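K.L.:
Numbering-wise, the sequence shown is residues 24 to 305 according to this note's numbering.
Just so you know, the hints here were simulated from the structure itself, not pulled from any lab data. Predicted model only: the values in this text are computed from it and were never measured. Glycine included, each C-beta is placed from N, C-alpha and C at the ideal position. Mixed in with the good hints there might be a few duds.
Estimated spans, in silico, between C-beta atoms of each pair [claimed, not checked]:
(1) G39 <-> G279: 40 to 48 Å
(2) E160 <-> P87: 20 to 28 Å
(3) P139 <-> P168: 22 to 30 Å
(4) D190 <-> T219: 51 to 59 Å
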Amino acid sequence: MGDNHLGDFLRARRAGLRPETVGMASHGARRVAGLRREEVAVLAGVNADYYARLEQGRERNPSPQVIDALSRALRLGTDARAHLYRLAGATPDDRSSAPATEQVSPALRQLMDGYPNTPAFVMSRTLDLLAANALAEALYAPFDPADNLARMTFLDPAGRTFHMDWDRTARATVANLREATGSDPDNPRLRRLVRTLSEGNADFDRLWNTHIVRGKTRDAKRFLHPDVGPLSLTYQAFDVRDAPGQQLVIYHAEPGSPSAQSLGLLGSVHATRHRPAPRSHH
């Protein structure tokens with residue numbers, strides 16, 4: 024039968040909703056937190072037996088109308104709704120279902136290097152760092168190696184110190200990875216990564232099973248860097264049009280702020296460390 028990604032997602036989202044949140048009276052003793060299957064079926068206006076078959080994996084191809092109804096019933100945001108569509112195989116023309124590429128084009132590398140005062144990097148759907156400019160390398164210097172944002176957050180000892188809002192970063196990281204399962208659920212790299220993280224960190228395992236889904240768009244981050252101290256940065260993430268699955272992420276500090284000064288200092292510290300030794304003139 025294979026994995027039942029669709030059923031797992033529906034079950035987890037149902038478990039995360041309280042009856043009062045969706046305007047339903049809570050009748051009788053409840054054995055489990057969250058909504059009952061029958062309640063989701065009522066809210067979505069679908070047959071309860073049909074909904075049960077969806078969760079059990081005996082029905083795998085709901086119509087777009089049913090997917091929309093379930094999205095409303097389960098209070099799904101934009102990213103989670105798109106994820107549900109992909110799990111149901113209902114977006115054959117979606118660009119995000121194209122095979123991912125791990126090669127970063129020379130033109131994109133040049134573009135990133137043209138931002139000397141702001142960290143910029145390209146990452147894959149599975150949060151692997153595929154390319155970075157000098158300042159991004161300096162930013163992530165506390166990690167050894169700086170290879171994958173999820174591994175760095177959950178398994179690298181530097182993660183908890185570096186991320187000043189570690190819990191928030193952890194949730195966002197898991198939500199980004201969970202979105203990748205909708206685009207490519209059988210990706211072997213993703214499976215290996217999730218297995219490694221689940222075995223290596225109980226927090227990851229717990230968060231992974233909540234099925235929260237969110238893509239990277241724009242957010243504020245607070246870092247504590249051993250070379251320059253605290254940094255408050257905002258990032259923007261952009262899809263790389265000619266490389267499905269890749270995202271360009273650019274961080275920036277408020278102009279004139281202490282964080283902007285610290286970023287400048289970080290760049291010069293890193294450049295000094297990596298400057299080649301002067302040749303002797305014998």
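K.L.:
Run every hint past the structure and note whether it holds.
P.N.:
Status of the hints after comparison with the structure:
no., hint, result
1, G39 <-> G279: 40 to 48 Å, "holds, 42 Å"
2, E160 <-> P87: 20 to 28 Å, "violated, 44 Å"
3, P139 <-> P168: 22 to 30 Å, "holds, 23 Å"
4, D190 <-> T219: 51 to 59 Å, "violated, 21 Å"
Going down the numbered hints, you'll see the structure goes against 2, 4, while the others check out.
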